[in-house]
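Chains A and B supply the protein sequences, listed in that same order. Here the first sequence stands for residues 1 to 230, numbered as in the working numbering. Here the second sequence stands for residues 231 to 517, numbered as in the working numbering.
If you're looking for bench data, these hints aren't it; they were derived computationally from the structure. Just so you know, not all the hints are guaranteed correct.
[Claimed, not checked] Which chain B residues face chain A? A few, computed with CB under 8 angstroms, are given here:
#1 E236
#2 V238
#3 P252
#4 G258
#5 A259
#6 T323
#7 G455
#8 P483
#9 P495
#10 A498
[What the hints assert, rightly or not] Residues of chain A clear of chain B, computed beta-carbon distances all greater than 10 angstroms:
#11 T56
#12 E59
#13 I66
#14 L74
#15 A79
#16 E80
#17 R87
#18 R123
#19 T136
#20 P167
#21 H202
#22 P212
Just so it is clear, CB atoms sit at the ideal spot from N, CA and C, and this is done for glycine as well.
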Amino acid sequence: MTGARMTGARMTGARATGEEEHGLRVLPVGRHGLLVELPTAEAAEAFHAELLRRRTAGELPATREIVPGARTVLLEGLAEPARLAARLPEWAIPPLTPGQDATLEIAVRYDGPDLEQVAKLWRVPPDEVVRMHAATEFRVAFCGFAPGFGYLTGLPEEYHVPRRASPRTRVPAGAVALAGAYTGVYPRASPGGWQLIGTAPHTVLWDPERTPAALLTPGTHVRFVPEETR
Amino acid sequence: MTAALEIVRAGALTTVQDLGRPGHAHLGAPRSGALDEPAHRLANRLLGNPPEAATLETTLTGCTVRALRPTTAVVTGAPCPVTVDGRPAAWGTPVRLPAGAVLATGTVTHGLRGYLAFEGGVDVTPVLGSRATDLLTGLGPEPLRDGTLLHLGTPPSAPPAPASAAHWQAPPGELVLPVVYGPRADWFTAAAHRTLITGTYRVASASNRIGLRLEGPPLERAREGELPSEGMALGALQVPPEGRPVLFLADHPVTGGYPVIGVVPEEALAGAGQAPPGTAVRFWAVR
């Protein structure tokens, strides 16, 4: 089939450098792009971190965009995508090391209208949702949906929740919400189907005057700190 | 600084556009920028502006602008009648506007989007390095309204390089788009691959700067479900569950979960941006 993978890109066994098998697939995206697919979300985050490290070190060919997804990274604007594709399977990709980078703290008032519903889904009291959510070390896996909206991973699989059956026509800016494997904070008021558990009243997620404009850039570590409710 | 232009009639949709804001997709910001980039660049070249100077992108019905101080303007993109103070003026040739003059561009004779450039470029506050209006996320200035006042940048000091609007390729009656299969071509049946390159599609009226929606034979999936969100490239041919492909243009979402059967190379997207609803679209597979 014409859409076959560009390279075999599957490694067999650990290499002399000691890295584990990546199991990465490299898929063509037009004439100047690649979509690199990894077997797990963690592997995708580690691969993304390695891409950024190599770019900073000047070891990556020029790219226009590096866009992480849930299990993929899209590279756009490569002069010679096939050359890079051929090399990727050789890369040593160090695993992510939690706790090394600075953690961004976001103050949250856990007063969301879906807190009770999430507590039911988790089969714990609402207070316990707050405690567990605030005790989780999150990481921005990727961005999308709106400028400054980060998809934060970190909740164990048993705490993944479905979207609401009917989306709200208006979710306020700063709403802290859960859906699927992710936690997110709405950068501005918009329609949304996520379960709202709280509000981050003081955090500006998106400010075009700031560099970077998005507070939550891929790879950022995040912890939510409960704010005293009156 | 006093305003240099007043929008008298904004038309169907007139936005400020430039070369967009590449490099911010990972933050959720689409590239945006002029859909017919060659026409935008040509307009700037005709005036001696740098290519990144902002122009006005009009849609179908043109727009009317009053010069509040003397300036020079040029109209490129979709061919249309041009008048200054009601008298016919040249399309694709710089026109000197004295203070108070009213330049009007009419409904396009073919194509869809016109580019109206001024000496020095339209000056609005850049967001992430670009003045472009992004209709998906609302970055950049609002679409223009009747009465909007605009500033202009410093006119270029060097005379314009020789250029001719004749170099601009008018959009053909039928849009024939190259497509490179992937990244998710394997999510579709062999029959769907044939359908894509043998079928005739039409540009749907719901098309906009985000994407060209296509009407025509649906593309059959070889597997069900959605993908975990993944990066979407400019030119991606994304296929929602009902099977009619959507061609992603400059204001497209940066991530998505529907499979992309193929990607239309960037150099073919200017033509897509000039295809009005109803235009016949065919695809041919390229490598």
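Consistency of the hints with the structure:
1. E236: Given a least distance of 26 angstroms, the restraint on E236 (chain B) is violated.
2. V238: violated (30 angstroms)
3. P252: holds (5 angstroms)
4. G258: holds (4 angstroms)
5. A259: holds (5 angstroms)
6. T323: Check failed: Cβ of T323 (chain B) comes no nearer than 34 angstroms to chain A, outside 8 angstroms.
7. G455: Violated - the Cβ of G455 (chain B) stays beyond 8 angstroms from chain A, reaching only about 13 angstroms at its closest.
8. P483: holds (7 angstroms)
9. P495: holds (5 angstroms)
10. A498: violated (10 angstroms)
11. T56: Given that every Cβ of chain B is farther than 10 angstroms from that of T56 (chain A), nearest at about 14 angstroms, it holds.
12. E59: holds (19 angstroms)
13. I66: Violated, since 6 angstroms does not exceed 10 angstroms.
14. L74: violated (3 angstroms)
15. A79: holds (13 angstroms)
16. E80: holds (14 angstroms)
17. R87: holds (18 angstroms)
18. R123: Consistent with the label, R123 (chain A) stays out of reach of chain B, its closest Cβ about 26 angstroms off (over 10 angstroms).
19. T136: holds (20 angstroms)
20. P167: It holds; P167 (chain A) is separated from chain B by about 15 angstroms at its closest Cβ, greater than 10 angstroms.
21. H202: It holds; H202 (chain A) is separated from chain B by about 21 angstroms at its closest Cβ, greater than 10 angstroms.
22. P212: Non-interface label fails for P212 (chain A): nearest chain B Cβ at 6 angstroms, not farther than 10 angstroms.
Hints 1, 2, 6, 7, 10, 13, 14, 22 from the earlier list are contradicted by this structure; the remaining hints agree with it.
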